[in-house]
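Asker: So the sequence lines, in the order shown, correspond to chains B and R. Okay, so the first sequence: first residue is 1 according to the working numbering, each after it adds one. Okay, so the second sequence: first residue is 1 according to the working numbering, each after it adds one.
Possibly wrong hints are sitting among the right ones.
Said to hold, decoys possible - Chain B side only, calculated, beta carbon under 7 angstroms to chain R, not exhaustive:
| # | residue |
| --- | --- |
| 1 | 35 |
| 2 | 38 |
| 3 | 41 |
| 4 | 42 |
| 5 | 68 |
| 6 | 69 |
| 7 | 103 |
| 8 | 107 |
| 9 | 196 |
| 10 | 209 |
| 11 | 220 |
| 12 | 226 |
| 13 | 305 |
| 14 | 363 |
| 15 | 366 |
| 16 | 375 |
What the hints assert, rightly or not - Here chain R is said to cover these stretches of chain B; the calculated rule only asks that three of the stretch's residues, wherever they fall, bring their Cβ under 8 angstroms from a Cβ of chain R:
| # | stretch |
| --- | --- |
| 17 | 46 to 54 |
| 18 | 59 to 67 |
| 19 | 81 to 92 |
| 20 | 112 to 125 |
| 21 | 183 to 195 |
Calculated directly from the structure, the hints in this document are not laboratory data. For glycine and all other residues, C-beta sits at the position ideal for the given N, C-alpha and C.
Protein chains: 2
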Amino acid sequence: MSSATATAYPMPKPEGLEGVVAASTALSHVFGEEGRLVYRGYDIHELAGKASFEEVAHLLWLGHLPDGRELDELHRKLGANRDLPDAVFAVLRALPADTAPMDALRTGISALGAAHRDLFDDTPDLEEAIALAARVPAILAAFFRLRQGLDPVPPRPDLNTAQSYLYQLFGTEPEPRHWQPLEVYLVLLADHGMNASTFTARVIASTASDLCSALTGAVGALKGPLHGGAPSKVLDMLNEIGSAENVEAWLTHALDTGQRLMGFGHRVYKAEDPRAEILRGMAERASDPAFYALSKTTEERALALLEERKPGRRLYTNVEFYSAAVLAAVGLPGDMFTPTFAVSRSVGWSAHVLEQVANNRLIRPQSEFVGPTDLHFAPIESR
Amino acid sequence: MSSATATAYPMPKPEGLEGVVAASTALSHVFGEEGRLVYRGYDIHELAGKASFEEVAHLLWLGHLPDGRELDELHRKLGANRDLPDAVFAVLRALPADTAPMDALRTGISALGAAHRDLFDDTPDLEEAIALAARVPAILAAFFRLRQGLDPVPPRPDLNTAQSYLYQLFGTEPEPRHWQPLEVYLVLLADHGMNASTFTARVIASTASDLCSALTGAVGALKGPLHGGAPSKVLDMLNEIGSAENVEAWLTHALDTGQRLMGFGHRVYKAEDPRAEILRGMAERASDPAFYALSKTTEERALALLEERKPGRRLYTNVEFYSAAVLAAVGLPGDMFTPTFAVSRSVGWSAHVLEQVANNRLIRPQSEFVGPTDLHFAPIESR
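Bound conformation, chain B alone:
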């Protein structure tokens, strides 16, 4: 059998919908030229370090920051929604211990939708969004424990999302020096315009499918290294470099041999990603000083070398670069970085699903057909 690409027809041109407005949204927007990210009217600098993750979730889901009563109610609902059905534990137990956590999360959310049709099989609404966002960290933490041969930790409704996630992962009371940087990370990653995973969730929701289907698909998209699947590679790169005095030689060799430096450049930002700036500050406070120094030196030299080698390409530090330092400082291993991104983004995804279904139209694009149209069938003997 010949290879899949050995076709007589012309290859389709890749467009990737670049510059095509696929949907309108009031949720968030990336101003790529200016390096600005806005959630529901608030620049990300207005929120990071000031608003809690739950306040930001309320903002994205409902359109305004909560008052005290609204915030209490959301905390109560999230706290009451962290339990998982037995079927989901059984599914997570059935997976091999070396399963990639993103695969486990995708399977766990799908199983949750399968086992909890009472909760999730209606038209997605706010209660479902809360019920699912509360369970995403619980699914991940359960798998993280099970793969080590440990029992899952029962949820504690009094904890906020960042605390609860760490508590269910590690089974100990989370320290402020861990949950506070994690919370800022969760605020920063909660939404980001019409990226590929968010668009996936909206396309699925546009068929009138259910919320767990939409987020299962979104996790599958976020897993891709061109989207959310690369932050642990920043950690791998920094570990390989090892110390500040190796930076120049390592980066030069990497660029000379055509390797891509991890943590730089973005499809939309043509300026520094505003999240990178905030995460740099978090990393400086939260990380081991030697690791922060290594990160900072690597960043500075990489930016200089990229500008030298690829002038005019406007490659800046992206969100992944300092995510690695912050998440490592919080105690997470590299393979939990992208899943933790999904903990945050599950709020944005579900907010986009709510926006989609509130005014739905099936997303079914046109395609350009680049093949022939008038071939005639011949029986196999005469081929």
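Here the structure of chain B is known, so what remains is to put chain R in place on it, guided by the hints.
Answerer: The following block gives chain R in isolation, referenced to the frame of chain B:
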């Protein structure tokens, strides 16, 4: 907490990418005005009833109909790829017996990708497409058995896809009067341009994610009643009508009370869906004559009443209408109709993924932002 739609911001306009060319493809095209469907150059009438499902799979994956040696090789590979890892059986066993089969399939494909990273975690290629398409019917059949308290049926490599699916569902040698109409159905549904589930698969694949992630997302999209989730509703409607003499009164009442008649109209076709015509012929041969007569009378009166009540809307019989009769004649219950659609479409989805990755560009559309951009954070006490 107020409702999710209670926002002060303007609601986004639904566009659904109607008329927007989102991608080029050489795989298939729907000529909506003319009511034509073309796979790789062949009108669907050239293939249905002439080409086997495996020949069509080869055509979609590789761009040409196979010669004898190529077809033998594909049969051999499909036959050798129907086994499931223990983890997938354990996951399917963990799901409640009343799980919707589409939810079980979505979870099973996701679990397959999690448990079989050796097979599925590379850049998707033809071998992966074969390996997954062979296992989709095996997953469904296993769940179908398990939910009845029966053991899954081990695969038989000598059977073709339609035979093997029925054999693994029912545990008996499939009769030609069952597997032959099923095979025509599988040929007809294998691909259909840039529909929502196919587009979902391509968006996920464009992030460089894996094949199982792409098809897991596609199953979630196909589940939606605005896409593939409605053929069993045609069966429900026909069962409710019950007999030919009730047709007129039932349809009139349904239309008077604003109900939607199931099995008519399509977003793209403004003429009869060519698949409906072929399925009508299959239904006439395969169905119980009384059920066929009921279907035919219902179709004729529905078309007449729709033309009367919604003149100019060009509502024609769609693929779902006679799918119901054909799949029921094959012995499938209504809740296995859409999953059986997925058995067929898994070939088209994987062919689209191969086409996407052969010339990839991340699918990341622009969005129009319809909210404010300059709000200022105020502490919770002052909200």
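Asker: Determine for every hint whether it applies to the structure shown.
Answerer: Going down the list of hints, with the structure as the test:
Because the smallest distance between the Cβ of residue 35(B) and any Cβ of chain R comes to about 14 angstroms, over 7 angstroms, the interface hint for this residue is violated. Interface hint status for residue 38(B): upheld, as the beta-carbon distance to the closest one in chain R is roughly 5 angstroms, under 7 angstroms. Look at residue 41(B): its Cβ gets to within about 4 angstroms of chain R, closer than 7 angstroms, so that hint holds up. For the restraint placing residue 42(B) at the interface with chain R, the shortest Cβ-Cβ distance is roughly 5 angstroms, inside the 7 angstroms limit, so the hint holds.
Because the beta carbon of residue 68(B) sits about 6 angstroms from the nearest beta carbon in chain R, less than 7 angstroms, this interface hint is met. For the restraint placing residue 69(B) at the interface with chain R, the shortest Cβ-Cβ distance is roughly 9 angstroms, beyond the 7 angstroms limit, so the hint is violated. At a threshold of 7 angstroms, the smallest CB-CB gap from residue 103(B) to chain R is about 4 angstroms, leaving the interface hint in force. The interface hint given for residue 107(B) holds, since its Cβ lies 4 angstroms from the closest Cβ of chain R, which is under the 7 angstroms cut-off.
Against a cut-off of 7 angstroms between C-beta atoms, the interface hint on residue 196(B) holds, since the closest Cβ of chain R lies about 5 angstroms away. Proximity of residue 209(B) to chain R holds as hinted, the smallest CB-CB distance being about 4 angstroms (cut-off 7 angstroms). For residue 220(B), the interface hint holds, the least distance from its beta-carbon to any beta-carbon of chain R being 3 angstroms, beneath 7 angstroms. With a least beta-carbon distance of about 5 angstroms to chain R, the hint placing residue 226(B) at the interface is held under the 7 angstroms criterion.
Because the closest C-beta pair between residue 305(B) and chain R is about 24 angstroms apart, greater than 7 angstroms, the hint is violated. Below 7 angstroms, beta-carbon pairs count as interface contacts, and residue 363(B) has one with chain R at about 5 angstroms; its hint therefore holds. With 7 angstroms as the threshold, the beta carbon of residue 366(B) comes within range of chain R, its nearest partner Cβ sitting at about 5 angstroms, so the hint holds. For residue 375(B), the suggested interface contact is upheld, since its CB lies about 4 angstroms from the closest CB of chain R, less than 7 angstroms.
Only residues whose C-beta sits within less than 8 angstroms of a C-beta in chain R count toward coverage, and the stretch 46 to 54 of chain B has 4 of them, enough to reach three; the restraint holds. Residue count for the stretch 59 to 67 of chain B with a Cβ under 8 angstroms from a Cβ of chain R: 7. That meets the three needed, and the coverage hint holds. Only residues whose C-beta sits within less than 8 angstroms of a C-beta in chain R count toward coverage, and the stretch 81 to 92 of chain B has 3 of them, enough to reach three; the restraint holds. Beta-carbon proximity to chain R at under 8 angstroms applies to 6 residues in the stretch 112 to 125 of chain B; the threshold of 3 is reached and the given coverage holds.
Only residues whose C-beta sits within less than 8 angstroms of a C-beta in chain R count toward coverage, and the stretch 183 to 195 of chain B has 3 of them, enough to reach three; the restraint holds.
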